[in-house]
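J.: Each chain, written out:
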Amino acid sequence: MLEHIELFFKSIFIDNMVFATFLGMCSYLAVSKKVTTAVGLGAAVIFVLAVTVPLNWLLDTYLLQDGALAWLGPEYADYNLSFLSFILFIATIATMVQLVEIVVEKFSPALYNSLGIFLPLIAVNCAILGGSLFMQSREIATLGLAFNYGLASGIGWFLAILAIAAIREKIRYSNVPPPLRGLGITFIITGLMAIGFMSFGGMLTGGGSEDNVTDAKVAKEEEKKEPAKEEELEENAVSFNQAINK
Amino acid sequence: MALLSKKDTSLILDPLADNNPITIQVLGICSALAITAELKASIVMAISVLFVMGLGNVVIALMRNVIPSKIRIIVQLIVVASLVIIVDQVLKAFAYELSKTLSVFVGLIITNCIIMGRFEAFALGNGPYRSFLDGVGNAAGYGVILILVGFFRELLGSGTLLGIPVLGDPIAKTGLYSIGYENNGFMLLSPMALIVVGIIIWVQRSRNRALIEEN
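Heads up: the protein sequence lines correspond to chains A and B, in order.
Just so you know, the working numbering puts 5 at position 5 of the first sequence, and the rest follows in order with no gaps.
Just so you know, the working numbering puts 1003 at position 3 of the second sequence, and the rest follows in order with no gaps.
The reader is advised that the hints may include incorrect statements.
[As the list claims (entries may be wrong)] Computed list of lysine-lysine pairs in DSBU-like fashion (alpha-carbon distance at most 30 Å, straight line):
| id | chain 1 | residue 1 | chain 2 | residue 2 |
| --- | --- | --- | --- | --- |
| 1 | A | 34 | A | 106 |
| 2 | B | 1173 | B | 1040 |
| 3 | B | 1040 | B | 1006 |
| 4 | B | 1100 | A | 10 |
| 5 | B | 1173 | A | 106 |
| 6 | A | 33 | A | 10 |
No wet-lab data here; the hints were simulated from the structure.
Quick caveat, the model's predicted, so the values are computed rather than measured.
Here chain A stands alone, though its shape is the one from the complex (with noise of 0.2 Å):
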């Protein structure tokens, strides 16, 4: 149980997609400039990698991994077929995402008129398969703890891009010098929170295992409550930088 909260809350902050890995960048940088449709691609990115991730997991771990074919019989257990990882998870992603555009059309019409037109767009976020990747080069153990990965790695991601579409909506009444408006601006604050994010950083580490827990939910709380406050997060810079220095 202890794993699977810690790993929960490793992915949505320490292993930020975002901002540490800066995987599904494009779509970050390109749909975050108003709140309601960040809110639309980032449902929809957690929803995909939940359901992604476990599905690669199993492909992963029963037919590409060194002598995953055992199960076929003792013939098949010196194959390792891991130079086809990449084709075959696009493959499912892929497929994946056409599903369940079309699921959800079906049976959500409300949903798919929400999410649907991000569904298309999310087959080449490289989130998507960065989290399919990750989970192979990281190990990840069980079925449960890969739901668990793709599933939180989702919910950093949405944080990440609400956060910045937050910020993009208020800061059109700041006087930015011209030649920063727009990408060059959104670039930096990014960078910013990505300072912000690191000093996440040290959540997992030292302290009893109960620390760590509440240490979590209160930082989680208070990151829903000032998602747009970019003094804080310089301030964290500025704190990260003296503790460089030293």
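Starting from the known structure of chain A, arrange chain B on it as the hints suggest.
T.: Coordinates of chain B only, in the frame set by chain A:
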């Protein structure tokens, strides 16, 4: 007849500056940021993308009349994925250390938006030769930014270029370090990549004011 007509030259040269895939079209950011802490990794990544994009554009352009438009995304993904597998296997065979550094980001070339974007916007409507030039041009524009970011991050972050110390020895205090210069370890951390790209965008748009956005 010249090898490259004027139109063909602009296919290659435009993406290098005024229509750069990263700073203007905002495509393919993910890998541009994550692997640029070292110049060497940036160069290898740029070459890999050049290979995948040049060939991928040719393959798609050759098949453009037989791909049903409904399943074209899957076809494109399969073409890129096959090319990326080749790159990945070559890297693993000849540059194992480097392929460890690049880790999953080689695989993520598949979902690099530049590649899909150029397939959709160019290769599906043009012949193989022009598509090849377009692919090479865009990949080169991507590579230029990658190498620029990698150059500054490695130089300021660890005082080396391609692993060779250029500013002196930080422990023996020679060269620049003898007058109190210190490496800025912060440049090696991931957030600085974003800020360096932000600054590149700033410089580019100050020089060419036609590129400035409204808000």
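J.: All hints are to be evaluated individually against the structure, with a verdict given for each.
T.: Verification of the hints:
1. Between the alpha carbons of residue 34 of chain A and residue 106 of chain A the distance comes to roughly 28 Å, so the proposed pair stays at or under 30 Å and holds.
2. Using a Cα cut-off of 30 Å, the hinted pair residue 1173 of chain B and residue 1040 of chain B holds, with the two alpha carbons roughly 25 Å apart.
3. For the hint linking residue 1040 of chain B to residue 1006 of chain B, the alpha-carbon distance of about 33 Å lies beyond 30 Å, and the restraint is violated.
4. Taking the CA atoms of residue 1100 of chain B and residue 10 of chain A, the gap is near 23 Å; set against the 30 Å cutoff, the hint holds.
5. Between residue 1173 of chain B and residue 106 of chain A, the direct Cα distance comes to roughly 69 Å. Violation of the 30 Å bound is thereby established for this hinted pair.
6. Between residue 33 of chain A and residue 10 of chain A the alpha-carbon distance is near 28 Å, which keeps this suggested pair within the 30 Å criterion.
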